[in-house]
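Visitor: In order, the protein sequences belong to chains A and B.
Residue numbering for the first sequence follows our numbering, beginning at 1 and increasing consecutively.
Residue numbering for the second sequence follows our numbering, beginning at 1 and increasing consecutively.
Honestly, I wouldn't trust all of these hints.
Pairs of lysine-lysine, DSSO-like flavour, derived with a Cα cap of 30 Å [what the hints assert, rightly or not]:
#, chain 1, residue 1, chain 2, residue 2
1, A, K171, A, K340
2, B, K71, A, K138
3, A, K368, A, K340
4, B, K155, B, K3
5, B, K155, A, K171
6, A, K287, A, K229
7, B, K179, A, K171
8, B, K179, A, K167
9, A, K368, A, K244
10, B, K179, A, K368
11, B, K47, B, K155
12, B, K171, B, K68
13, A, K368, A, K229
14, A, K138, B, K47
15, A, K244, A, K167
16, A, K244, A, K276
17, B, K169, B, K179
18, A, K340, B, K71
19, A, K171, A, K287
20, A, K138, A, K229
21, A, K171, B, K171
22, A, K229, A, K276
23, B, K3, A, K167
24, A, K276, A, K30
25, A, K203, B, K47
26, A, K167, B, K156
27, B, K171, B, K71
28, B, K156, A, K5
29, B, K71, B, K155
30, B, K47, B, K3
31, A, K30, A, K167
32, A, K285, A, K203
33, A, K244, A, K229
The hints are simulated quantities; they were obtained by calculation from the structure and are not laboratory data.
These figures come from a predicted structure and were not determined experimentally.
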Amino acid sequence: MADRKISIFVEEVCRVEGHGNIVLNATDGKIEELRLEITESPRLFEAFMLGRRWDEATHIACRICGICSIAHSTASVLAIEDAFGIEPSEQTIALRKIAYHGEMIQSHVLHFYYLAAPDFLGVPSVIPLIQSHPEEVKRALRLKRLGNDLCKLIVGRHIHPCAYLPKCMPKLPDPAAMEALHTRCLDARRDLDAAVALFSTLKLPDFDRPTECLASWDPDEYGMYRAVKIKSSNGDMTDTREYKTKIREFVVPHSHAKHAETENGAYMVGALARFKINYDQLHPKAKEVAQALGLTTDCTNPYAITVAQVVETVHSLEETIKYLEWCLGRELEWEDWDVKPRAGRGVGITEAPRGLLIHDYTFDDGGKLTNVNCIIPTNQNLNNIEHDFHALVPQIIERPDDEIRLLLEMLVRAYDPCISCATHMLKVEIKR
Amino acid sequence: MAKPRAAVFSMTSCEGCSLAILECENELLDVLEHVEFVEWREAMSEKTTEPIDIVFVDGSVSTHHDIKYIKRIRERARMLVPIGACAVNGSVNALKNRYGMNEAKEIVYGEAGAQFDTIPVRPIRAVVPVEFEIPGCPMNSEEFLRIVRDLLLGKKPRLPNYPVCVECKRKENVCVFEKGMFCMGPVARAGCGADCPSYGGWCEACRGFVDNPNEQAHWEVLQERGLTPEEVMQRFDIFCAWEIEDRRARAQQEKKE
Chain A
1 MADRKISIFV
11 EEVCRVEGHG
21 NIVLNATDGK
31 IEELRLEITE
41 SPRLFEAFML
51 GRRWDEATHI
61 ACRICGICSI
71 AHSTASVLAI
81 EDAFGIEPSE
91 QTIALRKIAY
101 HGEMIQSHVL
111 HFYYLAAPDF
121 LGVPSVIPLI
131 QSHPEEVKRA
141 LRLKRLGNDL
151 CKLIVGRHIH
161 PCAYLPKCMP
171 KLPDPAAMEA
181 LHTRCLDARR
191 DLDAAVALFS
201 TLKLPDFDRP
211 TECLASWDPD
221 EYGMYRAVKI
231 KSSNGDMTDT
241 REYKTKIREF
251 VVPHSHAKHA
261 ETENGAYMVG
271 ALARFKINYD
281 QLHPKAKEVA
291 QALGLTTDCT
301 NPYAITVAQV
311 VETVHSLEET
321 IKYLEWCLGR
331 ELEWEDWDVK
341 PRAGRGVGIT
351 EAPRGLLIHD
361 YTFDDGGKLT
371 NVNCIIPTNQ
381 NLNNIEHDFH
391 ALVPQIIERP
401 DDEIRLLLEM
411 LVRAYDPCIS
421 CATHMLKVEI
431 KR
Chain B
1 MAKPRAAVFS
11 MTSCEGCSLA
21 ILECENELLD
31 VLEHVEFVEW
41 REAMSEKTTE
51 PIDIVFVDGS
61 VSTHHDIKYI
71 KRIRERARML
81 VPIGACAVNG
91 SVNALKNRYG
101 MNEAKEIVYG
111 EAGAQFDTIP
121 VRPIRAVVPV
131 EFEIPGCPMN
141 SEEFLRIVRD
151 LLLGKKPRLP
161 NYPVCVECKR
171 KENVCVFEKG
181 MFCMGPVARA
191 GCGADCPSYG
201 GWCEACRGFV
211 DNPNEQAHWE
221 VLQERGLTPE
231 EVMQRFDIFC
241 AWEIEDRRAR
251 AQQEKKE
């Protein structure tokens, strides 16, 4: 193939959230340009959050993302509680976790069924699957609806919760509605079994690149809802308030979203990173599924993020059942919403479906925001995706353009990027 | 009769309202029997160059690129329907209009901000004509289905022009102010079923104001309840910064004439 020029420009990668382009130019197997451009319009959230009251922060910040607004709300209330010295009750945490895992289920199902599966089944979207795989589509809709309804039970809706507040839940769920959802969760186990059966037949593209992984860590459970520390796949632990000693963000010219690195370079966050770091604490049923799908903690294939999402969906479903049963086993108590703001800094770290999410707020003594810094999972993954690109392309450069294009698109999709998020929350320094 | 051809596009937004279409899980398969989706970047790879009967767009106009983008979409669309607060009244995106564009960019990106294209945020109707708008942050999936059905049947859909308080009272909620929270319900456009107060929160007027809101009276109520004038303005602004500025500009224009 003498003088073969490859010029691939994927304008607005499909089946991802937000606007991103893939650029590859190569001559005779030599890469000249290869990057993931982020063209999403900046929204400048941190600029307009400054000077606002603490009780506006969460409902504004969740508007960063329509897919993971409960994760943003969670990071936001954790930051506020950290700053004001509030310890929410066991009941509040149990209720929040039902909504939290509901979002995890709905987001993972959306990704592995609607956005990623069509690539493996050789169709351009979920729409042709309505004809060819009707039972699978109905199953996906049922699972996704279950996730949404869990969110609805606790916080009114899954896209931008109606009321997600620091300290306590402003409304207690109706026991009959909890009971009904509990039954649906038990039924959903069968749907998930079928999803696992489908995914066990799909073949991932061959590709491996070892990279550092970061995830939330909690001594008491699989790190998701709240990071007690940030844990690296190399065993390093970082205190939540000291995240800047581990993670450095920087601006690159071709992206409206910042990139990030650790002292070891690019790193990965998300379902596969969590699976590798916190495998021991995964629910036994999820471990069985991982085994059935052939996923192990030494996996270095980023295409397997989608498989890790299937495994985590099983974990989140079991956690949801556990917390619903906890709530159903007692009379829920009304708690007064009496938040007393005070000056200081608070850091809230949670896992969005697509990875480590940090909200860092500083308040003055009137409870107004004087500094906001948020680190978004997709920002952290962008650098890693580009490193994957550079490792992958030389291995596939002899293949036809369409195949190269598809493999690059599938790689981006595997990370389940949330580009609106990545572009809308960046570093802010107060200037007054 | 051929199915109407529909498409979904996104501009500056969180794409939650595109996602809200997928949230119609119970009805989605029925909708797909009556409507053919021909382009929708977030959900499918298929694209079209043909004209489209009904185009839904979420997001605001916030860059020079967005202006060109929405004009191109307008040319291809028989009906253009902005969905969600960003597209209908600028939503929280318009809060950046309260800053100079360079100042806002610099706060967020530092010196590197100069490379980014950003202009004051506008809703879609401020740039191109639209057939109907579906408000809300996010838009309500049930309302979306009702409006789409009306539009496809050639009927003119309607939005309520009474405040959220009406729906909240009908649900027999304790008044948000009685709970020591601050609410925009008295001036906010209903149609959401007062979901936020019903789940223990407060209204932030994400659907914009009713046609003739008593802004002055509500301004006084919020101050009596303990907000400073600056805080009152911030509350009004959360979702309605563009709407407030636009109304002010039009009033000035009328005065001149």
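Visitor: Each hint needs a verdict: does it hold in this structure or not?
Guide: The hints, checked one at a time:
Our distance criterion of 30 Å between C-alpha atoms is met by A:K171 and A:K340, whose separation comes to about 20 Å. Between the alpha carbons of B:K71 and A:K138 the distance comes to roughly 37 Å, so the proposed pair goes past 30 Å and is violated. Distance hint between A:K368 and A:K340 is fulfilled; the C-alpha atoms sit about 12 Å from each other, no more than 30 Å. Straight-line distance between C-alpha atoms of B:K155 and B:K3 comes to about 17 Å, which keeps the hinted pair within the 30 Å bound.
Of the pairs offered as hints, the one joining B:K155 and A:K171 is violated, with about 39 Å between alpha carbons and a cut-off of 30 Å exceeded. Proposed proximity of A:K287 and A:K229 is supported: the alpha carbons are some 23 Å apart, at most 30 Å. As the CA atoms of B:K179 and A:K171 are separated by approximately 12 Å, the hinted pair is consistent with the 30 Å bound. Proximity of B:K179 to A:K167 is assessed by CA-CA distance (about 15 Å); at most 30 Å being required, the pair is judged to hold.
For the proposed pair A:K368 and A:K244, the alpha carbon gap of about 23 Å is at most 30 Å, so the pair holds. The hinted pair formed by B:K179 and A:K368 meets the criterion: a straight-line CA distance of about 21 Å does not exceed 30 Å. Of the supplied pair hints, the one linking B:K47 and B:K155 holds, its CA atoms being roughly 29 Å apart against a limit of 30 Å. Proximity of B:K171 to B:K68 is assessed by CA-CA distance (about 44 Å); at most 30 Å being required, the pair is judged violated.
Between the alpha carbons of A:K368 and A:K229 the distance comes to roughly 27 Å, so the proposed pair stays at or under 30 Å and holds. Proposed proximity of A:K138 and B:K47 is supported: the alpha carbons are some 25 Å apart, at most 30 Å. This hinted pair checks out: A:K244 and A:K167 have alpha carbons roughly 26 Å apart, not beyond 30 Å. Distance hint between A:K244 and A:K276 is fulfilled; the C-alpha atoms sit about 23 Å from each other, no more than 30 Å.
Only pairs whose Cα atoms come within 30 Å are accepted, and B:K169 paired with B:K179 is accepted, the gap being roughly 15 Å. A threshold of 30 Å between alpha carbons decides the hint, and for A:K340 with B:K71 the separation of about 49 Å lies outside it, so the pair is violated. Distance restraint check for A:K171 and A:K287: the Cα-Cα separation of roughly 35 Å exceeds the 30 Å cut-off, and the hinted pair is therefore not satisfied. A C-alpha spacing of about 39 Å is found between A:K138 and A:K229, which places the hinted pair above 30 Å, so the restraint is violated.
A C-alpha spacing of about 14 Å is found between A:K171 and B:K171, which places the hinted pair at or below 30 Å, so the restraint holds. Taking the CA atoms of A:K229 and A:K276, the gap is near 16 Å; set against the 30 Å cutoff, the hint holds. Among the hinted pairs, B:K3 with A:K167 is inconsistent with the structure: their alpha-carbon atoms are about 50 Å apart, more than 30 Å. Simply put, A:K276 and A:K30 have alpha-carbon atoms about 34 Å apart, too far for the 30 Å limit, and the pair is violated.
About 27 Å separates the Cα atoms of A:K203 and B:K47, which keeps this hinted pair within 30 Å; it holds. Annotation: proposed proximity of A:K167 to B:K156 is violated, straight-line Cα distance about 45 Å (limit 30 Å). The suggested pairing of B:K171 with B:K71 is violated, with an alpha-carbon distance near 42 Å, which exceeds 30 Å. Between B:K156 and A:K5 the CA atoms are separated by roughly 54 Å; this puts the pair beyond 30 Å, and the hint is violated.
Restraint check for B:K71 and B:K155: satisfied, since their Cα atoms lie roughly 25 Å apart, inside the 30 Å limit. For a cut-off of 30 Å, the pair hint linking B:K47 to B:K3 stands: about 17 Å separates their Cα positions. Of the pairs offered as hints, the one joining A:K30 and A:K167 is violated, with about 57 Å between alpha carbons and a cut-off of 30 Å exceeded. A hinted pair counts as satisfied when its Cα atoms are at most 30 Å apart, and A:K285 with A:K203 qualifies at roughly 22 Å.
Taken as a hint, the A:K244 and A:K229 pair is honoured in the structure, with Cα atoms around 13 Å apart against an allowance of 30 Å.
Of the hints listed earlier, those the structure fails to meet are numbers 2, 5, 12, 18, 19, 20, 23, 24, 26, 27, 28, 31, in rising order.
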